[in-house]
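Enquirer: If you want the building blocks of each chain, they are given just below.
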Amino acid sequence: MTGALQYPGYDGDRLEKAAGLMPCREIQAGLLLSLMGQPENHCYPSIFIYGHRASGKSHVLNTLMKQLELPHAMISCVECLSVALLFEQVLDSFFGADAASLLPRGPSLSDFVRIYKQQISESPTEQTRYIIMEKAEMLRNADSNLLPGLLRLQELVEDNVTVILLSEIVWDKFRPNTGCFEPLLLHFPDYSKAELQQILSKDKHPSYSTDFYSSYINILLGVFYSVCRDLRELRHLAALNFSKFCEPVEEGKFKENDTHKLWRNIEPHLKKAMQTVYLREVSSLQWEQMHEMKEIEAGAVRGLSAHTHVELPYYSKFLLIAAYLASYNPARTDKRFFLKHHGKIKKTNFLKKNEKTSNHLLGPKPFPLDRMLAIFYSVVDSRVAPTASIFSQISSLVTLQLLNQVSHDDQLDAPKYKCAVSLDFISAISRTVNFDIVKYLYDFL
Amino acid sequence: MATSSVSKGCFVFKPSSKKRKLADIGDHFMRGCEEKDGSALRYNLFKQLWDRIFKDTESLQDDLNRNILDSLLDFIRKCCHKKLDDWAAQMRASEIPTAALMLGVNVPDHDMTFHSLSELLRASVSPYVASLHAKECGALKHLLKRVLERVMDGEVDVDDEEDAEMDAVQVNTRVQCSFNVLCEWYKAKTKKLKDQSVHRPPVVVLFKDLEAFNPKVLQEFIIICSRYVEQLPLVFIFGIATSPSTIQNMLPHSVSSLLCIELFHSLSCTQHLATVIDKLILTSRFPFKLGAKVMQVLVSIFLYHDFSVRNFIKGVQVALLEHFHSQPLSVLCCEEKVAMDLIVHLRKKDLERIRELPSLKSHVEAMKDVEKADLLMSNDASLKEECKTLIKSLHTYHTNYYPVLRCLHALTSGLPRYPLGKQIRELHLICLENSVWESEDYQTAMKLLKMLSKEELEAGMQRCVEALKLEQEEEESASMTSARERLQELLSLMRGLDLCADVVPVTEDAEPILTSPLRNLQKKTDLFQLQKTLLEMNETRRVKKLSPFERLRNETVDFLDSLVRSHLSPPESQPLHEVMYYRSSATVRRHLNATPRTSIQAALSNPYFYLQNESLRTDDGGVSNSAPDICIAYKLHLECGRLINLFDWLEAYCTVVSAAEGGDPEAEDFGKVDERKHARFIQAVSELEFLGFIKSTKQKTDHVARLTWGGC
Chain A
1 MTGALQYPGY
11 DGDRLEKAAG
21 LMPCREIQAG
31 LLLSLMGQPE
41 NHCYPSIFIY
51 GHRASGKSHV
61 LNTLMKQLEL
71 PHAMISCVEC
81 LSVALLFEQV
91 LDSFFGADAA
101 SLLPRGPSLS
111 DFVRIYKQQI
121 SESPTEQTRY
131 IIMEKAEMLR
141 NADSNLLPGL
151 LRLQELVEDN
161 VTVILLSEIV
171 WDKFRPNTGC
181 FEPLLLHFPD
191 YSKAELQQIL
201 SKDKHPSYST
211 DFYSSYINIL
221 LGVFYSVCRD
231 LRELRHLAAL
241 NFSKFCEPVE
251 EGKFKENDTH
261 KLWRNIEPHL
271 KKAMQTVYLR
281 EVSSLQWEQM
291 HEMKEIEAGA
301 VRGLSAHTHV
311 ELPYYSKFLL
321 IAAYLASYNP
331 ARTDKRFFLK
341 HHGKIKKTNF
351 LKKNEKTSNH
361 LLGPKPFPLD
371 RMLAIFYSVV
381 DSRVAPTASI
391 FSQISSLVTL
401 QLLNQVSHDD
411 QLDAPKYKCA
421 VSLDFISAIS
431 RTVNFDIVKY
441 LYDFL
Chain B
1 MATSSVSKGC
11 FVFKPSSKKR
21 KLADIGDHFM
31 RGCEEKDGSA
41 LRYNLFKQLW
51 DRIFKDTESL
61 QDDLNRNILD
71 SLLDFIRKCC
81 HKKLDDWAAQ
91 MRASEIPTAA
101 LMLGVNVPDH
111 DMTFHSLSEL
121 LRASVSPYVA
131 SLHAKECGAL
141 KHLLKRVLER
151 VMDGEVDVDD
161 EEDAEMDAVQ
171 VNTRVQCSFN
181 VLCEWYKAKT
191 KKLKDQSVHR
201 PPVVVLFKDL
211 EAFNPKVLQE
221 FIIICSRYVE
231 QLPLVFIFGI
241 ATSPSTIQNM
251 LPHSVSSLLC
261 IELFHSLSCT
271 QHLATVIDKL
281 ILTSRFPFKL
291 GAKVMQVLVS
301 IFLYHDFSVR
311 NFIKGVQVAL
321 LEHFHSQPLS
331 VLCCEEKVAM
341 DLIVHLRKKD
351 LERIRELPSL
361 KSHVEAMKDV
371 EKADLLMSND
381 ASLKEECKTL
391 IKSLHTYHTN
401 YYPVLRCLHA
411 LTSGLPRYPL
421 GKQIRELHLI
431 CLENSVWESE
441 DYQTAMKLLK
451 MLSKEELEAG
461 MQRCVEALKL
471 EQEEEESASM
481 TSARERLQEL
491 LSLMRGLDLC
501 ADVVPVTEDA
511 EPILTSPLRN
521 LQKKTDLFQL
531 QKTLLEMNET
541 RRVKKLSPFE
551 RLRNETVDFL
561 DSLVRSHLSP
571 PESQPLHEVM
581 YYRSSATVRR
591 HLNATPRTSI
601 QAALSNPYFY
611 LQNESLRTDD
621 GGVSNSAPDI
631 CIAYKLHLEC
641 GRLINLFDWL
651 EAYCTVVSAA
661 EGGDPEAEDF
671 GKVDERKHAR
681 FIQAVSELEF
691 LGFIKSTKQK
701 TDHVARLTWG
711 GC
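Residue numbers (UniProt numbering), protein chains in the order written: chain A, 1 to 445; chain B, 1 to 712.
Isolated chain B, as found in the complex (with noise of 0.2 Å):
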């Protein structure tokens, strides 16, 4: 910051309020933008968007865990209003009730599970709740200074009347931490609800990711816990990644028999992610979408590296903000209603843009009107008209495709060996990338399709009809309401058959045909007519006249093939499909899959890369002379074994450096060693070091052992 000031002094800028810091995150959306001049509403537009997708993903996250938090939330009251003065509750062992709650390996997604937990806990159980992190809990004390903590802080911040107590419970936090503290704190709480004979509420201690813990820890912890179970109502709930038994392998009998522990399984993360998928995704209620490319990353990320549904809607995040970063046109990746008023205010820089969009030009291409194309590409109101339709046109294509695809899923995910997937999003992906009816697997699944039973066409067909009218439900579009109806009135006729196949035993004219070749056959002995007949036996059998639910059945799929053929042709097709499309894999992989040693090495061998100085540039790949020290440093080692000479390489070094001075070859001081170069060898050395290309070894003196296999 400049000041007025002539003369030297101290000055004190106070920093700004966090208003300014909040509009600086959309200062930099714009600062690294493709063009300056929309991006401020385009930056708008992306924060819409996600605050919607973020606000639905989590009410979703909260209606699937809702069954196993409710369960357990049962749980908890159960044992806690249990009957003191049954004779058998007197005689059984105190155990401390323990909820096991399997949450799979995807540990990212855990954080949000406990988060929602522990706020149930509080409003509708007891405000006595403390959650802990294995790394938080090294040691007995830590864990039960954590405990302390978490339980009486939680009370104290609730009702702040109690100021004096308050201060006496952190005075005793200070002197000592103890369970006998706890206790002594909790009887005070709680002896005002004795009277009103309200059940105590228990103490819930979480741990959350149980196999972190030391076990000897936990097992100290759980006999002390023992000990005061009696006067204190404690529960603990269990997070555990892998599998049960892990309480078992932490736990000795001894101790897992102070324990009452019930299983509670969470939903697997490959349901959560294809319930995410199901409801984000495959919608139309978001213009913007992800490309196939795109989505492979995603779902090939979740599904090979993490199993994380919180990553996969981050990667959504990360995806959405690059398009509207990167491209221009995203102003119309909005409600159509919207996108119509945009497209009036485009400006001529965006339109000629539309223009040289791949995807318009090939639509100019396509007309007929030869007139019409070149006032499209000459006239900029024509083309802001062409545009409105053509948004509108694509809005409709993605209400469309999404009913078709489910429709098509629900028939095809049944069928063996699963040409088409067994998930929708692998239907999906296939339609992104081509015409899906160009594809063998389709058409072998059409042919199996043709061979399925009655019973399985007509559930099929049920599927369908459900999830027609379940995306009905939302936005109404006429081609499917009247594919929903066609659909039903197959199935109603399907089911009417088994009426009509009681009542019509066998058709007549199926007779003449099948007997006729056959009566011929008794007649004529000879081979070659025999082999004759039998030929045309089987084409008329072939030709043979269908029953009426082969007709149906024949009917029912080439309809759903129809269906598919004009709904579900992949967007590339669409013309302006760019403006909702992001395809860019390769950035989002770049951002979620970071590849550090491929960047040091990238770095290291070829700095033009990053550097992007044009006197490092060289051709055939090699380091030039004039390259950062520690890149010639690398270079060389590359040729070393697995020891490597300090002095050797000290003095290629200085070849190398003495060469990039441009000093005389010939000159007697060429490649010799001065205080300088040694100096600035020794730097690249341990900063390579540092990097853990090598290390210093005690095999030999003078050398240092390489880290990294291979060389040049």
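Bound-form chain A, shown alone (with noise of 0.2 Å):
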């Protein structure tokens, strides 16, 4: 396996400990490292890899970098809130903290590129330079110019240096609508099943044997295989979960080698922390130490989302109930549902033809401050004055986020809204109120 990683220029037992480190990524590796050549050839001038979350693009690059020990600059884009952060980091890493000083306040990529040339002038150096940028995808949001620069930096420098962007998104995406120069393009595949298992047996526990230890991965990736294939998270959820299983190991009552007994053993805990721990309604912490708990207590631990139930002052439940209602019924309906003497009028009359499908599969819609002033007054059992905390109570369910406010901030010329909570939400809060919101809805008439 290791023959597929012979190159010239490059130490090899280097490659080889690089290859050990990087099980299942060789093809990729080893194409990455044709792409490279020697260390001192010029290499193209950039490179987009892309694949999954946690299908080894970082790691691949980080371990050939590191191992072979290239010079090299590895930036997350999420954490360069500005352009000059990147520079800086860039200028940092190959030329130290006093290049990185020279960067004027604000700087622009011709600052960039300046202060570059002035550096390798000082140092320059014949291997290859490597800008390696994970999370390319935040730079679409930065400057329109940077990300095509960026793709011919070797141009602009005048030096040996390649860019190698790694993003979750396909180049596709990228492309700004001026044109730039096209990378070469690599993608990482997903992990197979067989190579995660692989992966994943290799963290084996000190104290178990490999077979043990694999015959477990093999378990766990038949339970959760079909819903998460990242790597990280199984291996935090394989973690998690090995105490359990080789409890009955310790205890004596399976022997190591009962496969079966042990899966029958397992298996309900590994459904159930799919359910729970996986989704986080449940944190690791609390996950380890249900464990240690009694099946009863256990079950007295709730997940995030049992808590659905939201406590709020009378009024704000009826301001919520009205505003759920100008959201989902049409305006035109509202003579039907709050007039006193409206006659009998059918739903029928009331249809018209483009509007069969139910209101609450299209979603709330916006409705003005007055119709849901109107709506409230009418639907709350008492008289109300319209005090300055009953709009107070309006603008706060905004910030709880129980309202969208749609249109502009501009509170004198009739704000709009929109109701952001649940049928089931609301019908839990009338009810807490004795109001009967079925019967308003249009929907359901």
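Quick caveat, the hints were computed from the structure, so don't treat them as lab data.
A hint or two may mislead.
List of simulated lysine to aspartate or glutamate pairs, EDC-like, C-alpha gap at most 20 Å [to be verified]: (1) Lys261/A to Glu251/A; (2) Lys279/B to Glu458/B; (3) Lys314/B to Asp111/B; (4) Lys47/B to Glu458/B; (5) Lys695/B to Asp629/B; (6) Lys450/B to Glu440/B; (7) Lys141/B to Glu137/A; (8) Lys66/A to Glu126/A; (9) Lys216/B to Glu288/A; (10) Lys47/B to Glu322/B; (11) Lys418/A to Asp381/A; (12) Lys135/A to Glu168/A; (13) Lys244/A to Asp203/A; (14) Lys695/B to Asp370/A; (15) Lys193/A to Glu26/A; (16) Lys469/B to Glu458/B; (17) Lys216/B to Glu137/A; (18) Lys78/B to Glu288/A; (19) Lys422/B to Glu311/A; (20) Lys279/B to Asp62/B; (21) Lys141/B to Asp143/A.
Chain A stretches covered by chain B per the calculated footprint, using a threshold of three residues with CB under 8 Å from any CB of chain B [said to hold, decoys possible]: (22) 19 to 32; (23) 144 to 153; (24) 257 to 269; (25) 382 to 388.
From the derived model, a few chain B residues whose C-beta atoms are all more than 12 Å from chain A [as the list claims (entries may be wrong)]: (26) Phe29; (27) Glu262; (28) Ser382.
All residues carry an ideal CB built from backbone N, CA and C; glycine is no exception.
Dock chain one against chain two, each of which comes alone in its own frame, and use the hints as you go.
Expert: And the structure:
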């Protein structure tokens, strides 16, 4: 296997060591190495690598750079709030902090190029320099000239430098309107089940045998592979549940090779993990504590989404109900619901041809403040004065994200809102104030 | 300020020192006061009383929060003391420990919780605490900047010796604020600690209002943090007002998988309020009392509007201030001993005021001794003596009122359908308003009590005794002690019944009464007779001998009833109650629950209401011609439809204004538009636009749209 990684210009031992550190990525690493050529060779100006989360992009590059001791700058674009930060990090890792401090305030790409050139004349090097940018999709939000500039940086600075972009998104979503230098595209495919098995089995528990651990991984993948292929997550889950898996072995109930019995023991536990700790309904800390607790107590630990009940002041509840009604009922039906002597109007009279779809499928519609208040005054059972606190409740509902303000912030010009709660939520709220909301909803007429 | 200089020139007046300003609050209090002379004294009394109440609430809230804060601190400590050498710990993804703090929707109260939380954190866990408000973190850049500022500054302030480093920090933040800087700084800080093998203090980031944060900013921040979590022990605290599912709504799985979230629930605000009312209002420790209506207003603002305990306490403060401000006799609203001293120094004017109090008048009228009554109305010395006894009795009334109230609540709060309310504050309100024993609910409650089973009654009585005991610890009162002893006695009697019941199987005398009509029944078969005997049987069953338990139960309920009748009379029945009770609910409502729209409308349609200018007074509710321009324009605009023609409006306006100027209606230029009137009109219209009554529209030229409904 390591025979594949024989490239001129690089030390064989190091290559071998690197290859050992990146299992199942030999082909990609080989391709990269052959693109890079010998350390002194000029490399292709820019390479774009894409693949899903945890498919080994950063890991492969990191290992290659570190093991082969190539000059490089590893930059995460999420962290670079401004281009200044990005330039600074590049200069810092190539030429040291002094060079970075030469950058003016609010530097432009040309400032960067100027200082870079200045620096290479002082400290020239034969080897190719690599700039690796993780989460390159963030670059799309930066200045429009940054990405095209980086793609042909080699040309701009007249140095042996290669920019490698790493992303989870395909190149097509990057290409600027104005066109740019096309980088070489390289895809990292997802790990297959067998590959995952191979990689995960590597980090075995020191006090158990390799076979035992890999049979555990096999069971784990059987449960989780259908929902999660993220290596990082799987490794995390494996670590969390391993103690439960080897519990019967430690107690002496089963032997290490009683695979079937072990499977019977762990499977319900893993299924439960899929619904709770994998979704972060229960934190990993609580999950571990649950192991130590008894069955009944463990049932008491409820997930995040179990608590949906929100206690609101009385009028806030009615304001929210009014907002919900305004969001999901067509405005012309208000007469039917809120006028005392509306006569008998059947639903068919209201039904327009294009309105056969349920409003609940279409989602909430924006409504003006006036309409909401009019509905509010008619649904609330007592007379309410339009006090300042009623209005401040509306804005606090907005900050609680139960209402969304749709239009601009200008309060004078009839602001518009949308109701952002679900039917279940509003039914629960209206039950507490004895208000039958279904009666007032056009969809359920 | 005046100068004695004659020549023109520039004079510098330095602002007076702070002391002067503090005194001003007192001055301000006195300026608007009803009665000038005693105002300083009243202000002092107010300040003392308020300080006491405030201190009490603070410590009370600290106690309430203690539980949740302690468990939170435990969580944080546990998180940063994780063992790192373990196999599982190595394999596990490094999650950022996150505490989701469920605080409820009463946002104004959160500040206090967060304040004490960050104080506690600083004191016991880590000096590096950054608390963030969504408002100041609109973009990721600002968020990072705030975190860096707060974490690093907090440390710099602590040890002042490291001046050089402080400078370096400032330079750093000025140049770039990235997490890297923080990380380096943290490493430098903790280098010393490493040698002593002390655990590294975590960096705690507090998100005060999670809902208001921009989800995107938050996500990116978390992603950045997760890159550093191995070098920098980070802990997040999310303050959540609604429900924990907000986290899932805001963060996708890829981000929430970076966190290790644990939930912490704080006390619900209704419980919180119940405790505050219990400890602040339902106690005889503070002489100041809220009247029924005021209490009702404060509670309804809480329940209907904001759920905020802080605002409730503010409301109590407003009531307190208003009481001392508007009631000259509030000098007597203080501790019993102080009041005794103050009565001696009462001036003639005050005594006259006391004589005019309705409660005292009715007290005098109720007196049997006519001579004594006359003496009270004429002789100051005897009135002072009488006041002393009255104030004393008022204080005893309070020391008895609250224990009995608790007692009654303890027994009735478990009854089906809560005839006397579920919460003690409801019962308190009933008692404040009327004589509780006259109400229908009270009668039903008593009836229900007489039907309670033995276990329930015993439990209720036990609670009663405890309630009385609790009160006793604070203040001694002879009548309450005896009441408690009597209750205890009844309770032990009831417990003793168990033993007796086993010994005596069936009471002997019950048998003949039951059997004799039955025997008769067998003899006579006449329908009328049957009816008669059945009725008889019914009678006998009703008067049939009660079992010992029933007898005891009736005795208990009667005893409770007598307690209620003697101690729970409404405060209005007490002479001089005006001294301690604040009852102007309208003022409190106006202060706390403002109605801007109604005020504006009142000002515009009835300018006399605010301006108090006689010429503006109208009887029919219309607007006089000489009213301010904006009022006239407002009045005219009410007569229009949704769209208003500006020119028509202007002409109508000019007619009205001309009439006000006293122009001759027959004259040719009457109601003509001149430049002056035009300008005034334009100003009035733009003022209306500013107030939000109209806005410009593009639907029709020369028209404006009306934004309000209704007309005259």
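Enquirer: Hint numbers the structure violates, sorted upward?
Expert: Result: hints 2, 4, 9, 11, 22, 23, 24 and 27 break, sorted rising.
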